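J.: Letter by letter, the chains look like this.
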Amino acid sequence: MLKENMKTSDFLLSVRDLKVVYTSAGATVHAVNGVSFDIRRGESLGLVGETGAGKTTIAKAILGILPDPPAKILNGEIILEDGDLRNLPEKEMRKVRGKKISMIFQDPMTALNPLLTVGDQIAEVVLLHESVSKKEAMNKAMEMLEMVGIPADRYADFPHQFSGGMKQRVVIAIALACNPQLLLADEPTTALDVTIQAQVMDMISALQKKLNTSMLLITHDLGVVAESCDNVAVIYAGEIVEYASKENLFLDPAHPYTLGLFGSLPSLTGDVDRLTPIPGLPPDPENLPDGCSFHPRCRYAAEECKHGSVPFKEVSPDHFVHCHMCHCEKEV
Amino acid sequence: MNLQKESKTLSSQTANRQSMTAIMLRRLKKNKTAMGGLFILTFMMVIAIFGPLIAPYSYTETDLFHTFGLPSLLHPFGTDELGRDIMSRLIIGSRASMKIGFLSMAGASVVGIMLGSICGYFGGKVDAVIMRFMDVFQALPPLILAIAICAALGPGLNNCILAIIISNIPGFVRITRASVLNIRRMEYLEAATAINCSTTRIIVKHILPNALSPLIVQITMGVANAIISASAMSFIGLGVQPPNPEWGAMLSAGRSYIRNYPHMVTFSGIMIMLTVLSLNMLGDGLRDALDPKLKS
Amino acid sequence: MMIPVLLGVAFLIFAIMSFTPGDPAAIILGAQATPEAIQELREKLGLNQPFLSRFFYYIKGVVTRFDFGTSYINGRNVQDEILMRFGYTFRVALLSMAFALGFGVPLGITAAVHRNTWKDSVSMTVALLGISMPTFWFGQMMSIVFALKLGLFPASGVGGIRFYILPCLTVSMMGIAAMARMTRSSMLEVIRSDYITTARAKGQEERKIIYNHALRNALIPVVTQAGATFGILLGGTLVAETVFSIPGLGSYMITSINSRDYPAIQGSVIFIAAIFGVVMLLVDILYTVIDPRIRAEFSKGGK
Numbered sequence: 000m001l002k003e004n005m006k007t008s009d010f011l012l013s014v015r016d017l018k019v020v021y022t023s024a025g026a027t028v029h030a031v032n033g034v035s036f037d038i039r040r041g042e043s044l045g046l047v048g049e050t051g052a053g054k055t056t057i058a059k060a061i062l063g064i065l066p067d068p069p070a071k072i073l074n075g076e077i078i079l080e081d082g083d084l085r086n087l088p089e090k091e092m093r094k095v096r097g098k099k100i101s102m103i104f105q106d107p108m109t110a111l112n113p114l115l116t117v118g119d120q121i122a123e124v125v126l127l128h129e130s131v132s133k134k135e136a137m138n139k140a141m142e143m144l145e146m147v148g149i150p151a152d153r154y155a156d157f158p159h160q161f162s163g164g165m166k167q168r169v170v171i172a173i174a175l176a177c178n179p180q181l182l183l184a185d186e187p188t189t190a191l192d193v194t195i196q197a198q199v200m201d202m203i204s205a206l207q208k209k210l211n212t213s214m215l216l217i218t219h220d221l222g223v224v225a226e227s228c229d230n231v232a233v234i235y236a237g238e239i240v241e242y243a244s245k246e247n248l249f250l251d252p253a254h255p256y257t258l259g260l261f262g263s264l265p266s267l268t269g270d271v272d273r274l275t276p277i278p279g280l281p282p283d284p285e286n287l288p289d290g291c292s293f294h295p296r297c298r299y300a301a302e303e304c305k306h307g308s309v310p311f312k313e314v315s316p317d318h319f320v321h322c323h324m325c326h327c328e329k330e331v
Numbered sequence: 000m001n002l003q004k005e006s007k008t009l010s011s012q013t014a015n016r017q018s019m020t021a022i023m024l025r026r027l028k029k030n031k032t033a034m035g036g037l038f039i040l041t042f043m044m045v046i047a048i049f050g051p052l053i054a055p056y057s058y059t060e061t062d063l064f065h066t067f068g069l070p071s072l073l074h075p076f077g078t079d080e081l082g083r084d085i086m087s088r089l090i091i092g093s094r095a096s097m098k099i100g101f102l103s104m105a106g107a108s109v110v111g112i113m114l115g116s117i118c119g120y121f122g123g124k125v126d127a128v129i130m131r132f133m134d135v136f137q138a139l140p141p142l143i144l145a146i147a148i149c150a151a152l153g154p155g156l157n158n159c160i161l162a163i164i165i166s167n168i169p170g171f172v173r174i175t176r177a178s179v180l181n182i183r184r185m186e187y188l189e190a191a192t193a194i195n196c197s198t199t200r201i202i203v204k205h206i207l208p209n210a211l212s213p214l215i216v217q218i219t220m221g222v223a224n225a226i227i228s229a230s231a232m233s234f235i236g237l238g239v240q241p242p243n244p245e246w247g248a249m250l251s252a253g254r255s256y257i258r259n260y261p262h263m264v265t266f267s268g269i270m271i272m273l274t275v276l277s278l279n280m281l282g283d284g285l286r287d288a289l290d291p292k293l294k295s
Numbered sequence: 000m001m002i003p004v005l006l007g008v009a010f011l012i013f014a015i016m017s018f019t020p021g022d023p024a025a026i027i028l029g030a031q032a033t034p035e036a037i038q039e040l041r042e043k044l045g046l047n048q049p050f051l052s053r054f055f056y057y058i059k060g061v062v063t064r065f066d067f068g069t070s071y072i073n074g075r076n077v078q079d080e081i082l083m084r085f086g087y088t089f090r091v092a093l094l095s096m097a098f099a100l101g102f103g104v105p106l107g108i109t110a111a112v113h114r115n116t117w118k119d120s121v122s123m124t125v126a127l128l129g130i131s132m133p134t135f136w137f138g139q140m141m142s143i144v145f146a147l148k149l150g151l152f153p154a155s156g157v158g159g160i161r162f163y164i165l166p167c168l169t170v171s172m173m174g175i176a177a178m179a180r181m182t183r184s185s186m187l188e189v190i191r192s193d194y195i196t197t198a199r200a201k202g203q204e205e206r207k208i209i210y211n212h213a214l215r216n217a218l219i220p221v222v223t224q225a226g227a228t229f230g231i232l233l234g235g236t237l238v239a240e241t242v243f244s245i246p247g248l249g250s251y252m253i254t255s256i257n258s259r260d261y262p263a264i265q266g267s268v269i270f271i272a273a274i275f276g277v278v279m280l281l282v283d284i285l286y287t288v289i290d291p292r293i294r295a296e297f298s299k300g301g302k
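Residue numbers (numbering that gives the first Met the number 0), protein chains in the order written: chain A, 0 to 331; chain B, 0 to 295; chain C, 0 to 302.
It is worth saying that the hints were derived from the structure and are not from the lab. Wrong hints could be hidden among the right ones.
Straight-line Cα separation of at most 30 Å, DSBU-like style, residue types lysine-lysine; simulated pairs [claimed, not checked]:
id : chain 1 : residue 1 : chain 2 : residue 2
1  : C       : K207      : A       : K71
2  : C       : K43       : A       : K99
3  : A       : K133      : A       : K245
4  : A       : K245      : A       : K99
5  : C       : K118      : A       : K98
6  : A       : K139      : C       : K207
7  : A       : K209      : A       : K139
8  : C       : K148      : A       : K90
Derived list of chain C stretches under chain B, where covered just means 3 residues or more per stretch with a C-beta under 8 Å from a C-beta of chain B [to be verified]:
id : stretch
9  : 54 to 64
10 : 136 to 148
Since this is a predicted model, take the numbers as computed values, not measurements. Built from N, CA and C at the ideal position, the CB exists for glycine as well.
Hey, can you work out the whole structure from these sequences and the hints?
T.: Laid out in structure tokens, this is it:
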């Protein structure tokens, strides 16, 4: 992940030390506190964490659509193919959005404009980025509809005529219409029924493989991660607390928070009387604890965890954890 | 795990969630426009309440030697065509406007809330019939309906109030009905799982905060519109009758003399505008403070 | 849908007018009339009939012959007066509505798009003042300044376009203010929507987002407000006619009220209700044009 000597051109996207705050009415919310990660071409990274951990903020920061005010990117580099997106003027950034990086949002019910046909909404993104005629854009839109499993003759239908799952498929069609290099998927199946969830995730994975699109998949569901991601970053209070390949994370979770997440899952194999949730509540982002943000809820917390900065340790090759107490090979 | 520490963290976090009303009052206080409006409104109400004590002259005291007097030290706003002190008449006139404004909204809201709750709660035929009636009432522009009622019943302050009440009832019915339907839809699911006897309590505890917000705003703006309507009706000759002073009536009386003595119409209009403006400022502030979606 | 409501309105007005004190026949004949003459007139006018049959007869007259009855005061046909006068009223009201839409909506959009800047504050302050000013006072102030002092426009009467300027500006003030406020709040609401974020994520330019995505969705509550605003403007026009001495429906109604000419009042009010009803019908039709969801319900349910 963050070996400093690795060339950033090995990666499609590199985020370095991203810090985002929200200021309103005098209060400052520290949403993202120094997040760094990389994604290779064709790779998918899962971003796992509780609601409010800062995951959506990271995605919106990458795409440059954070509302400013109240959000402000204090610090960080967002490097796409050797160029820092933060240095781009708005006009250039618009060319990136929808074309090189696109996003799928959480709630399909409100993500589409109710007054425009679904076909036109897909065609819109094509017309924005490809110099094609209106007819060609419409054809591409129909092609995309078919690709996501919606008959092309529904081009002229309106969003309210579709179910939630199908609306989400339209959103995916819009996101993939211009063949982006990176797809940001913000909890794409959370608002859907469980059976539809599986269908939609399968479709996203299949399309991703077919078009060789990298993906940043934001979710709070470890099951989805297990199915669809190559690597996983666990986020807590705006920081990455553990980063590993999917296999390493599931086989050898190191951070106490990750252990807590796995511990609170019901098991298909064993019989458990009670689930073991993580005690306490997530910290108030206006008032984060000193030292390690997790220490008030951590059973292993020691004196050194309460103050000062917390080191990144390498548990095993390419498996990093942000913790004092983990027994690890070496510090990074 | 230290249970004491855990419970302390939890309780400190719940203590931070103050009551909704406290949060809303705080938001309202921060809104300078709204506070300004409240200040002016309070000033107007004080004038209205203590009117007879403050007014330097009686509102009927005529002085035929000093008619059409321009603003001076003796008569800060001048005198009218019968030599009466305009300032005193303005002060006493505020009582009529305030009375009409608040009484009419009180009446309209009580009847409207009752009817709206019945519609929303019972639904079905009752709802359909009542809403048809409301459609008929709303098919007329409100001022015209009020004028028609007042024309039929005869001029005077009380008929004016009645007319404004009737023309404002449909608005309150609609708002209440919408709120009740909204909550019924949500609470239906909760009620299905809740214990029977607490269903009513849930409804009462949850209907009130949600339905109250739009109603409070409607009432505040309603008082403003009632005052304008009342002065319009008095302007036409339907509302408050002479010699009782009323701002609209004073404007009407001054019309004939507008060419030479514009001061007769200027000040009464300013009084109306100031009062209505303060109510609108306050109403806007209330709407912003009570809006659950708005986070400053 | 409109017909039963209009009938209801007519019934309502008829009922309200039946509350009026005094005997119409006695009023027509004057103080010198003998009791026999009064009774004779009552028979002739059908005033001794029960309420419902009087109503039925009246409605039949209105619908089939456009006969609103005869004025108590001057014996002329009410409908003649109405037809002669409503043109003026209508012109003022329509022109004011055009101003309200033409100035109010763009003002609201500007305020919403430039939220919290000076453009927003100024627009909204003007709008706040606009809805707080009584129309009849504003009219008089405008008269004093523009007609009396500056002599730019005529203060009263009708004729060419010049005569309409002051009345329309006066009446439209409240309309412009109401439309600006409603447009602003509707736009602000819509701009927060998820589909606007989707449009941004597509890389769409801000201007197209405002006009193609946000505005069309924001228009729906604005159209509702436009209907209500027309009602306010109608009321304002009635009063403005007194201020500017325009011989329209409003001044007719007001003189009728002051002279207790009940058929005239009744006829004018029902006529105004009909006009207003047509406008509201247009508003409903406009909804189906703008919003495909309502179009679907309309064709499903059928009216």
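J.: Now look at each hint and say whether the structure bears it out.
T.: Hint-by-hint comparison with the structure:
Note on K207(C) and K71(A): the hinted pairing holds, with a Cα-Cα distance of about 25 Å set against a maximum of 30 Å. Between the alpha carbons of K43(C) and K99(A) the distance comes to roughly 86 Å, so the proposed pair goes past 30 Å and is violated. For the suggested pair K133(A) and K245(A), the alpha carbons sit about 43 Å apart, so the restraint of at most 30 Å is broken. Between K245(A) and K99(A) the CA atoms are separated by roughly 26 Å; this keeps the pair inside 30 Å, and the hint holds.
The hinted pair formed by K118(C) and K98(A) fails the criterion: a straight-line CA distance of about 35 Å is larger than 30 Å. The suggested pairing of K139(A) with K207(C) holds, with an alpha-carbon distance near 22 Å, which does not exceed 30 Å. About 17 Å separates the Cα atoms of K209(A) and K139(A), which keeps this hinted pair within 30 Å; it holds. Of the pairs offered as hints, the one joining K148(C) and K90(A) is violated, with about 53 Å between alpha carbons and a cut-off of 30 Å exceeded.
Proximity of the stretch 54 to 64 of chain C to chain B, defined as three or more residues with a beta carbon under 8 Å from a beta carbon of that chain, is not established by the 0 residues found. Coverage of the stretch 136 to 148 of chain C by chain B holds [criterion: at least 3 residues with CB-CB distance below 8 Å; count 7].
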